[in-house]
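Now for the letters of each chain:
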Amino acid sequence: MKHLLKITVAASVVWVVSCSPEKPRFEENSKKNTSSAVESVADPTKGIGPVKHVTLSTPLDQERVKRGKDIYEMKCEACHRLDDQRVVGPGWKDITKRRKPEWIMNMITNVDVMLDQDPEAQKLLELCLTRMPNQNVSVGDARDILEFMRRNDGEQ
Amino acid sequence: MKKYNFYFMLAAAAVMLSGGCKPQGPAGVTTGGAASKVYVAPGQYDEFYNFVSGGFNGQLAVYGLPSGRLFRNIPVFSVNPENGYGYSEETKPMLNTSHGFVPWDDFHHPALSTTNGEHDGRWAFGNANNTPRVARIDLSTFRTVEIIELPNSGGNHSSPFITENTEYVVAGTRFSVPVGENRDVPISSYKENFKGTISFIKVDPQTGRMNIAFQLRTPGFNYDLSRAGKGPSHGWFFFSCYNTEQAYTLLEVNASRNDKDFIMAVNWKKAEEYLAAGKGKTEKVRYAHNVYDEKTHSASSTILEEVTVLDVMELPGIVYFLPCPKSPHGCDVDPTGEYIVGSGKLAALMPVFSFTKMQQAIANKDFEGEFQGIPVIKYESALHGEVQKPGLGPLHTEFDANGNAYTSFFVSSEIVKWNVKTLQVLDRVPTYYSIGHLCVPGGPTKKPHGKYVIAYNKITKDRYLPTGPELCQSAQLYSIDGDKMQLLLDFPTIGEPHYAEAIPAGMLKDKSVKIYPIEENQHPYVAKGEKMARVERKGNDVHVYMTAIRSHLTPDNIEGLRVGDNVYFHVTNLEQDWDVPHGFAIKGALNAELLIMPGETQTLLWKPQKAGIYPFYCTDFCSALHQEMQGYARVSPAGSGTPLKFSTGEPAAANQ
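Same order as they appear, the protein sequences are chains A and B.
Numbering follows the numbering used here, with no gaps: position 34 of the first sequence is 34.
Numbering follows the numbering used here, with no gaps: position 483 of the second sequence is 483.
Hint data in this document are derived by calculation from the structure and do not stem from the laboratory.
Just so you know, even glycine gets a beta-carbon here, dropped at the ideal spot from N, CA and C.
None of the hints are false.
In silico lysine-lysine, DSBU-like type, Cα no more than 35 Å apart, as pairs:
1) K607/B - K645/B
2) K357/B - K281/B
3) K531/B - K100/A
4) K509/B - K52/A
5) K123/A - K531/B
6) K514/B - K93/A
7) K458/B - K195/B
8) K514/B - K100/A
9) K66/A - K531/B
10) K281/B - K365/B
11) K69/A - K531/B
12) K645/B - K93/A
13) K69/A - K295/B
14) K123/A - K514/B
15) K511/B - K69/A
Examples of chain B residues toward chain A, derived with CB under 7 Å:
16) I549
17) E575
18) D577
19) S623
Covered, in the sense of this in silico footprint (three residues per stretch, anywhere, with C-beta under 8 Å from a C-beta of chain A), are these stretches of chain B:
20) 508-521
21) 551-559
Could you build all of it, start to finish, from the sequences and the hints given here?
In structure tokens form, the structure reads like this:
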């Protein structure tokens, strides 16, 4: 099983690379990004991107929740439902329980690199078959979206 | 690689030498590694953008140099069903005029904006010849953002030419026409009633917004081309004039009688003084001013009704005439601003005037007479010298940074390089065939970028594979780096190329707009997210607020539309990533499709004629599931009670 997973991941890497013509070739890519590869080895569950550490606080910041909801409705809702139903992309229910906050925010703000290099992101692409678009979301806005996701997952 | 090229060229040369059908086979001309000089490897960028007018296609094409690859064809004065320009509700007002909606025009001359006489990479201006207008194209979006109509004008040919800081864009009429209240006059009253008009369009230095500051009323003949002075001659404009015979029929004979016509020198600073002193007369006219707003993604058209006119026959000191042999066409000012080159189409020599000598002649009143009250400067007094026997049929001149001029010769079909100071002919190369305009990158500016000259030819004959009676249009690229010009490349063009300008790629490429931020979209019918997607009926008008994102349209099931409705599909592209436009088309639409850029909203008006089910879909291949990006609209008969319904993702209730 473990073996099979490795093969799948490898296959999906190859597939992703072959489908993104604007990217440099894979060999060069992996060389160029050794430093970030090391980082992601350090904590692969945080993903790859500008977000290294997020501090969560309780209770939720209601201002953030409100802003996050507005951004969600404008830029995310077309593909992501709030329940567990997958439409274009996966539903958001329990996403904050499945993923590290850093991973979520890196996926939102650094999606092209994530889809090319992060094994978890690549698994999702294999499942959904549509590359998640870069929706031009800043790190601050991604943090607001994260707060809204926490609310959606029942946090207060 | 090198070896491969060599063999290839050897083979090519052999074919050319053996083939007897090429008049003067270019084999001899394209030696010396021409292929490697125009080869831009896959994934690499060109060195220059080349903005080439499309002539009768009314558009502005963008090529890369030195490769000659076509990047874009920007719709300006002509509708473009490919992206909905002139068909979408937002862009229709761009083509409004005092005559109504004009879907086509004839675009001859682009002019790139300058600051201090050098390219600044902000805007391109262009002229509509037929229904006189000037357009402004934003070089960060490569889109037409403004069009202003020109009253009192007929055949807007000497246009658009710009001053060194883009203070003014000028637009001179080709045809003189009757002006004033009564325009229903006999054609034979030309000398009495027909006048020329030169429009001075002021350009806002921040926004680029145009308005007609004033018009010069000038003698009735033809105004052909123009250039602004620069450096020492900044403050002046020069126009070539023909038909000083004032003929109104069979001009090819009747307008070719005089030995000399004129270059009209205009002191526009003097005109500004008269304007400030209140010497302008307000006249009643009608002209359209159309502006595209990047925030509402919509154009508006305003009809204006007044223009201020300065009559140069009554106000001395604005205009002087320089005699110029035989129907001058090009009228080009060198990079120093000192020399003005006149190109008499029918002349065997080319006069080069000196701005300094012209000023002295004016100060000394060194005139040989006057024409309709306007002083005519003595030819010899303003003359720097003549280029003797340069070729046949000189048309246009561009310049490099080393004091050389490049003139196109239509009749003898060649480019001639000559030195502006010494007037010596230095080199000549054939063009295939019958060159019209030519372009040196930065050629009309104070600092030409040089490196190439491009010929825009009028005839291609046997240069390309035949395509029926209508053959392809073409340009030719020559290197001007060495002493000898060298032909490097033929490349086909679309429309008929007239003038063109080229600008270093680095001045534009990093300023290119990638997306329209959805947050800033102020379109009145925007849907900022699927939650806002909906359908609203107001009488017979139905507004569909639709969103597009990979890979679905929302709503994608619409019912309750009726025959006789005006259905407005307002489609917002929710994507915020570069290079992800979506398209929208619906069966039976009598207009076109929409192409909607990321973050933009565009509207297609659809008037269903018959009851039934109408498929609609995304036309721009956007994702692996692009073929799934589709929907249905149900149209019921007029007066039907089918309730208005819309949805995505769950089926609309059946059996209604």
